[in-house]
Amino acid sequence: MNNIGKNSFDIGRMDALAAGDSLLHRLDPRAKLITTLVFIVAVVSFDKYALSAILPFFLYPIALISLGGLPYNYLLKKVLIVSPFAILIGVFNPLLDREILFHIGSVGISGGFVSFLSILLRFVLTVTAALILISLTGFNAVCESMRKFGVPKPFIVQLLFFYRYLFVMTDEADRMVRARSLRTFNSGTMSFRIFISLIGHLLLRTLDRAERIYRAMCCRGFDGHFYLIRSMKIRVPEIIFMSGWVSLFVLFRCTNVPLHLGTLITGIVP
Amino acid sequence: MTHHIVEAIDLHYTYPDGTVGLNGVSFRVSHGESVALVGENGAGKSTLLLHLNGCLTAAQGTLRIGDYPLNSKNLNEVRRSLGMVFQNPDDQLFMPTVFDDVAFGPLNFGMTKDEAKQTVLRALETAGVGHLAKRPPYKLSQGEKRSVSIATVLAMSPDILVLDEPTSSLDPRSRRRLIELLKTFEHTKIIATHDLDMALELCERTIVLHGGCVTADASTQEILQDEAFLHANSLEKPLCMQKISLWDPNKIPHHTHHHSDYTHKK
Amino acid sequence: MHMADALISPLVGATMWATTAGLIGYSAKKLKDEADDRKIPLMGVLGAFIFAAQMINFTIPATGSSGHLGGGMILAILLGPYAAFLVMASVLTVQAFFFADGGLLALGCNIFNLGFFPCFLAYPFIYKKIAGENPTQAKIATGGIIAAIVGLQLGAFAVVLETVFSGISELPFQTFVLLMQPIHMGIGIVEGLISAAVVSFVWKARPEILNSAQGVASIVKVDMKKLLLGVLIVTLITGGALSWFASSNPDGLEWSMFRTSGKEELETSEKVHASLANVQGKTAFLPDYGFKKSEPKPEASESPTWPAVDPGTSVSGLIGGFLTLVLAVLIGIVLKRRKIKSLPER
Ligand SMILES: Nc1ncnc2c1ncn2[C@@H]1O[C@H](COP(=O)(O)OP(=O)(O)OP(=O)(O)O)[C@@H](O)[C@H]1O
Ligand SMILES: [Mg+2]
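Chains as they are written, first to last, in our numbering: chain A, 143 to 412; chain B, 29 to 294; chain C, -9 to 336.
For the record, the hints were derived by calculation from the structure and aren't laboratory data. All figures in this text were calculated on a predicted structure; none of them were measured in a lab. Wrong hints could be hidden among the right ones.
Derived DSBU-like pairs (lysine-lysine); straight-line CA-CA distance at most 30 angstroms [stated by the list, open to error]:
1) B:K145 / A:K290
2) A:K295 / A:K219
3) C:K22 / A:K290
4) B:K141 / B:K167
Simulated coverage check for chain B against chain A, where a stretch passes if three residues somewhere in it have a Cβ under 8 angstroms from a Cβ of chain A [to be verified]:
5) 89 to 98
6) 231 to 237
Don't be surprised by glycine CBs; every beta carbon is placed ideally from N, CA and C.
With the sequences and hints as input, model every part of the structure.
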């Protein structure tokens, strides 16, 4: 499978996860969206040297993955292969900030090293939270809840269109790339000229498709308005979910749980 | 509209790039009739169908749908009474879920949400895809997509059904199911197709297009037996007729009955 | 290049979110005013196109590396700035959700960096100026290339500013700029060449498409200065307000959360806390700011969050951290077990 096929397969996989049926899947998407946002803000609001204080936040992804019946390995792999940017930039920290912060035994740990680790922790947590949100909720439902929070309708509607045709377009691109590589016998490289004509044709087809879709819409009375029948309700489970997690996040954020724990242990065990 | 007729008089259409789409097309389809529209690739079938609901406007000629000539004022009514199933279901199913998609038309035509809900479920049941309501359209098979497309149109309770190549890319069983479904509709039907077996089974009448002109308009039986004519229009005798004539040259069917006997065997 | 959650502070994230939200709202309103029904499906499908096209790579001659499309410029040319901005925003949103490119908090930054500059600066002030009212192939090519390069340079510079303001990365401003701008010069040239070539391709095949886009775009141009001013004001006000809040109260966010959510609880269960604090005192605990009585003084400024540079707390922090992780995993396992057990019942 080439790059394109893999990516759309990936999206399809997440989409399939979202079609699951667990208590968490059934929660109103808005509750999950808010909780995720609070989680992310809480995690990134830590001081840059924060390390142990961040750890309790792992409870959230771990609990949700378990309760939602999501595949650990798959999500973990996804987190590990994404965006090298954070690591790329973070890796300078140990080089630039060499002031020793504390010692473990006789090894001095520099501030840069701590802040680099902190970046990695934040990265894993925030990324996982977003992936979990989608795997438990589905993209469309997230969009619809954004609409309920007042995100402008034209934006949401074209976002829904985008998601709908993402599969069609990646398929089409995939077919074109495969057809090309079958005829040129060197599947690895593509020259600029061929690349442009491929993209150009894809774009022309896209424009034609947009026209046909618009026609189909007109035939069913489209006049610029979109109606979606959705009944979302915040009920007791949603409130429990949200308030429970948010108060935990506040607790984790305001007190350093591991430090208390560690101090208790080191205090008791001399 | 009491008379669900479609009448075209001398339609001409040229695409912006100069390709001639229609070159003087005239025909009349009367209430309750079922008509097949056949012709080779690029004959102008899709172009003609796009005129019927005002997606394209003829440069010359008139169209009557129901009781009135089609114009911009009654366009909405016409679109409501003439349900169009497009060639590619991916163009027709654009909403996040099957349910939303089928509800799109009814909601646009001013139904309340509760009414729309009922209508949608009924349309999905009729098309035999009630169980797909919550699925996103991109996760359906071709046959399912086609059935849902038909449901989107049924939900608007049209008087006239127009289908563009409904059986293309369907496997034999889905095709069979679709044909049986179409048989149950009492609507006036216009079906553009390359599937001459289906034409023979569903439509008593056939219009042949060639290079944007009508080259024949007669009973399906008659047209499909005239091999010289079929050849001139880049068409071929339907398989069922060929086979039967191969097996027993004396027994060329004179009725559609024969033919349905044959195709009913699954 | 995508900005990441891990590198930004909430302050920067929130500021850029506010700015981007404003831009989305404004663009959506403009789109409504245009009242072009055709555009909504077109935007959606073009977004999907950009998404798919970004995955097709070509080989850059003589370098051995490969390049691909970014898309901001092509969108702006085909759709005009407002619609293009919205499409860019949705492409980035999907990437943030599914490929974790960046992240949700950084999404505001990313939309701004990759959407705002090409759509609202490079397109109207460079591409349009060069391509003019009746474009020729040469004009389209020059305009497209220069506009794409400038757009990406500005975007890269914004990444630098956002990172430096956040203060999570140690990279000093100067080094970072010297790192980012040349890299994005290369990326910009590739993007420019692709945009120009693809637009020329469409222009040759179907000139009417670009002409209709041209029409819309010229109506739109008038408001651009107002918009830029608006963006500047929103960014400055939000950023200013938030950083004032943060600096007047160094752990501002934290305190405010604590105040609003913890105070009452705190008063009612004072005794518990007192005794807890007692235990902690005995176990040589550096009192955290958490368990003070109702009037927290901003002494937090002197005692920063952990790790205060203290070897003792750090080691216990490490041990505790390890334990916390083990606990979290255990909870996960228990939850999973229970779930599997309860499954057949359903
Ligand atoms: N958007 C368009 N622009 C220019 N020419 C077009 C366009 N669509 C169709 N045509 C041309 O118009 C003619 C009729 O096309 P049409 O799609 O109606 O054929 P068809 O009978 O439906 O063919 P098929 O069986 O392949 O679906 C063809 O020559 C085709 O190339
Ligand atoms: Mg056709």
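Now for the hints, and whether the structure bears them out:
1. Restraint check: the Cα-Cα separation between B:K145 and A:K290 comes to about 21 angstroms, which is no more than 30 angstroms; the hinted pair holds.
2. This hinted pair does not check out: A:K295 and A:K219 have alpha carbons roughly 35 angstroms apart, beyond 30 angstroms.
3. Among the hinted pairs, C:K22 with A:K290 is consistent with the structure: their alpha-carbon atoms are about 19 angstroms apart, no more than 30 angstroms.
4. Restraint check for B:K141 and B:K167: satisfied, since their Cα atoms lie roughly 25 angstroms apart, inside the 30 angstroms limit.
5. A stretch counts as covered by a chain when three or more of its residues have a beta carbon under 8 angstroms from one of that chain; for the region 89 to 98 of chain B and chain A the count is 0, and the coverage is violated.
6. For the region 231 to 237 of chain B, the assignment as covered by chain A is violated, since 0 residues bring a beta-carbon within under 8 angstroms of that chain's beta-carbons and 3 are needed.
Going through the hint list in order, the structure does not satisfy hints 2, 5, 6.
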